[in-house]
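Chains as they are written, first to last, in the UniProt record's numbering: chain A, 1 to 320; chain B, 1 to 364.
Treat each hint with caution, since some may be false.
What the hints assert, rightly or not - Here are some, though not all, of the chain B residues that point toward chain A, as calculated from beta-carbon distances under 7 Å:
| no. | residue |
| --- | --- |
| 1 | 55 |
| 2 | 57 |
| 3 | 99 |
| 4 | 103 |
| 5 | 104 |
| 6 | 105 |
| 7 | 106 |
| 8 | 183 |
| 9 | 199 |
| 10 | 200 |
| 11 | 204 |
Just so you know, these hints were derived from the structure itself, not from any lab.
None of these values were measured; they are calculated from a predicted model.
All C-beta atoms, glycine included, are put in the ideal place defined by N, C-alpha and C.
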Amino acid sequence: MSTTDSSTAAPASQGKRRIGDVVFANTARGSGVLILLILAGVAAFLLIQSFDSLSANTANFLTTEEWDANTRENPAFGVAALAFGTVLAAAIALLIATPVAIGIALFIVYYAPRRLAAVLGYIVDLLAAIPSVVYGLWGIGYLVFQLHDFYQLLERYLGWIPLFSGPISTTGRTMLSAGIVLAVMILPIITAMSRDVFQQVPQGHREAALALGSTRWEMIRMAVLPFGRPGVIGGAMLGLGRALGETMAVAMILSPSLIISPFLLQSGNQTIAAHIALQYPEATGYGVSALIAAGLVLFAITLVVNMGARFVVARRKEFS
Amino acid sequence: MTTTTRTPSTGAPGDGPAQRQPRLLSGSLPRFAPPAVLVAAALVSAGVLAALGAFSWPGTAVLTALLYLVAIVIASTAAENARKAKDRLVTGVVYICFALAMLPLLSLLSTVLINGLERLDGYFLTVSMNGVTPSMDAGGVYHAIVGTVAITLLAALISIPIGLFTAIYLVEYGKGRLAKAITFFVDVMTGIPSIVAGLFVVALWMMVFGPGETNGAAGAVSLAVLMIPVVVRSSEEMLRLVPNELREASYALGVPKWLTIVKVVLPTAIAGLTTGIMLALARVIGETAPLVLTAGSSAVAINWNLFDGQMMSLPVFIYAQVRMGGAINMERAWAAALTLIVIVMLLFLAARLISRFFAPKLGR
Numbered sequence: 001m002s003t004t005d006s007s008t009a010a011p012a013s014q015g016k017r018r019i020g021d022v023v024f025a026n027t028a029r030g031s032g033v034l035i036l037l038i039l040a041g042v043a044a045f046l047l048i049q050s051f052d053s054l055s056a057n058t059a060n061f062l063t064t065e066e067w068d069a070n071t072r073e074n075p076a077f078g079v080a081a082l083a084f085g086t087v088l089a090a091a092i093a094l095l096i097a098t099p100v101a102i103g104i105a106l107f108i109v110y111y112a113p114r115r116l117a118a119v120l121g122y123i124v125d126l127l128a129a130i131p132s133v134v135y136g137l138w139g140i141g142y143l144v145f146q147l148h149d150f151y152q153l154l155e156r157y158l159g160w161i162p163l164f165s166g167p168i169s170t171t172g173r174t175m176l177s178a179g180i181v182l183a184v185m186i187l188p189i190i191t192a193m194s195r196d197v198f199q200q201v202p203q204g205h206r207e208a209a210l211a212l213g214s215t216r217w218e219m220i221r222m223a224v225l226p227f228g229r230p231g232v233i234g235g236a237m238l239g240l241g242r243a244l245g246e247t248m249a250v251a252m253i254l255s256p257s258l259i260i261s262p263f264l265l266q267s268g269n270q271t272i273a274a275h276i277a278l279q280y281p282e283a284t285g286y287g288v289s290a291l292i293a294a295g296l297v298l299f300a301i302t303l304v305v306n307m308g309a310r311f312v313v314a315r316r317k318e319f320s
Numbered sequence: 001m002t003t004t005t006r007t008p009s010t011g012a013p014g015d016g017p018a019q020r021q022p023r024l025l026s027g028s029l030p031r032f033a034p035p036a037v038l039v040a041a042a043l044v045s046a047g048v049l050a051a052l053g054a055f056s057w058p059g060t061a062v063l064t065a066l067l068y069l070v071a072i073v074i075a076s077t078a079a080e081n082a083r084k085a086k087d088r089l090v091t092g093v094v095y096i097c098f099a100l101a102m103l104p105l106l107s108l109l110s111t112v113l114i115n116g117l118e119r120l121d122g123y124f125l126t127v128s129m130n131g132v133t134p135s136m137d138a139g140g141v142y143h144a145i146v147g148t149v150a151i152t153l154l155a156a157l158i159s160i161p162i163g164l165f166t167a168i169y170l171v172e173y174g175k176g177r178l179a180k181a182i183t184f185f186v187d188v189m190t191g192i193p194s195i196v197a198g199l200f201v202v203a204l205w206m207m208v209f210g211p212g213e214t215n216g217a218a219g220a221v222s223l224a225v226l227m228i229p230v231v232v233r234s235s236e237e238m239l240r241l242v243p244n245e246l247r248e249a250s251y252a253l254g255v256p257k258w259l260t261i262v263k264v265v266l267p268t269a270i271a272g273l274t275t276g277i278m279l280a281l282a283r284v285i286g287e288t289a290p291l292v293l294t295a296g297s298s299a300v301a302i303n304w305n306l307f308d309g310q311m312m313s314l315p316v317f318i319y320a321q322v323r324m325g326g327a328i329n330m331e332r333a334w335a336a337a338l339t340l341i342v343i344v345m346l347l348f349l350a351a352r353l354i355s356r357f358f359a360p361k362l363g364r
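Produce the entire structure from the sequences given, and follow the hints as far as they go.
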């Protein structure tokens, strides 16, 4: 592409390489290598520092629910409840955000007036610019009160589904509230990715569908969605990665407890990230080291999800 | 001209225009039908809810949306056909999706504005929390603004050179395995949870300086970990936009490669680079979790020294005030949130303006 070939572009005929070129090229390469080192360092330092508490742990780290690490004697802690809460919150967010994001992307690309499309995309991007702590503040200071009526309706009419069974939390500081705020936060990520692929759908495909007399929806279903599917999946996975690692919104909204509870309208559950933020200031004994171990689990989960997302997105590029 | 052509058509004998409608359009709803149905749905749902004594804006909105979808499908099935009815249904759903996205944005901005303005004034912006007890009706965010500025600047100082040089490597030098690995892992790094970046610095600081060492520099390093991949991504994109002819022209004049990059490539892309960096700044300036871990969450005094003691920042200030939970604390949190949003929006706006007005004119 537009990359230049260093071997041919460098003035090889001169016989010796210029000092400036050597220094500059090595600085550039060094920066790149430094990034790899930082990433490796993140994994390495977390591993080293968590080793301390993991070897002292008297319980199984992966299957234990309670968190009794702020001691020097026989700490017993595990991430089972935290990992469950993390996945639950992210799943709620993803379930709410993905369909809406696809709708928004379709709206911006195919329904909104052309002149407005760019502005609307920019407005959706604004959602991504708002700091997570402000989302948390909005959630705890405004949204949870607004959601209370909605939760009552849910409990009254859908209470027979275990997920929505009561008694509902009076404060509204529940997993569902946290999930809804997370959904708003990942909406712009999924929208941006979906919008990108929807815009790249070959015009020929779309016009062919329309020329056969299909309606706009049939055109979208036959030409746009199949083409855009990998991009949407990749975007959703990136959103999932963000939702898994999001700290502040959950830490501020959810009223936590370290049990595995499937009841979305009652307070309970906790995510890894929020647990770390809340526990860190009071951590003593093996506490900090144990929290680092929890962070390592989170790092591993998000790493797998993100690599998967990149893989899906990259594969699409090869085909299109 | 127009009158002469018109005369024959209006003077044509026989049927009026209604019967001469082309067949293709015969079974279609008029253009004004969807908005009319929408207005009717809104009126009906508001009326029903009011009659039941349960009127509320959210309730009306939800009911209107449902009513509209049902009505438009029925109308379209009757006047058109099932396929068009489905199309209209999807159109309605897509519009509703967009409205759903606007709802939280407007709600969030308006609540922050309304609640924040109660306490945001010159006093709030110019005093710290030093000597102020949590429930006292006093104190401000000056120390947090100082911390945010200092930490963010140091983070930028670390991440801009690394990010920019990496982008240069990827675009100008990068080939083969190493470049591919860097590209992939920069993408992966974008997805590191912010709290993990904080933990990384905690672990690093524990090994280097011993346990319990919190200062602004630690916060800056954790923010830099988050900022570097964003800078690399955006800079790489911008450098790739620089036309190859410019580089080739420079080489043809015998200019060394590194001078070509410094004098030709970077100046051409400078607007885009600045935009990307400002967007990256706007992203990390609101980061809370890593700073809670690394720079501490209990500083109350003004501290300009990045290497000595805890340092408050605006996002952490909001978080700490919310955790205290009193009425005054919430007021402080809202006002600080408004300050933070204004700063972020200014960065965002500046970035857009720079890219708009200083972008090189590439296409002819």
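| request: Identify every previously stated hint that the structure contradicts and give their numbers, smallest first. | output: Numbers 1, 2, 3, 4, 7, 8 - these are the hints that the structure violates, sorted from lowest upward.
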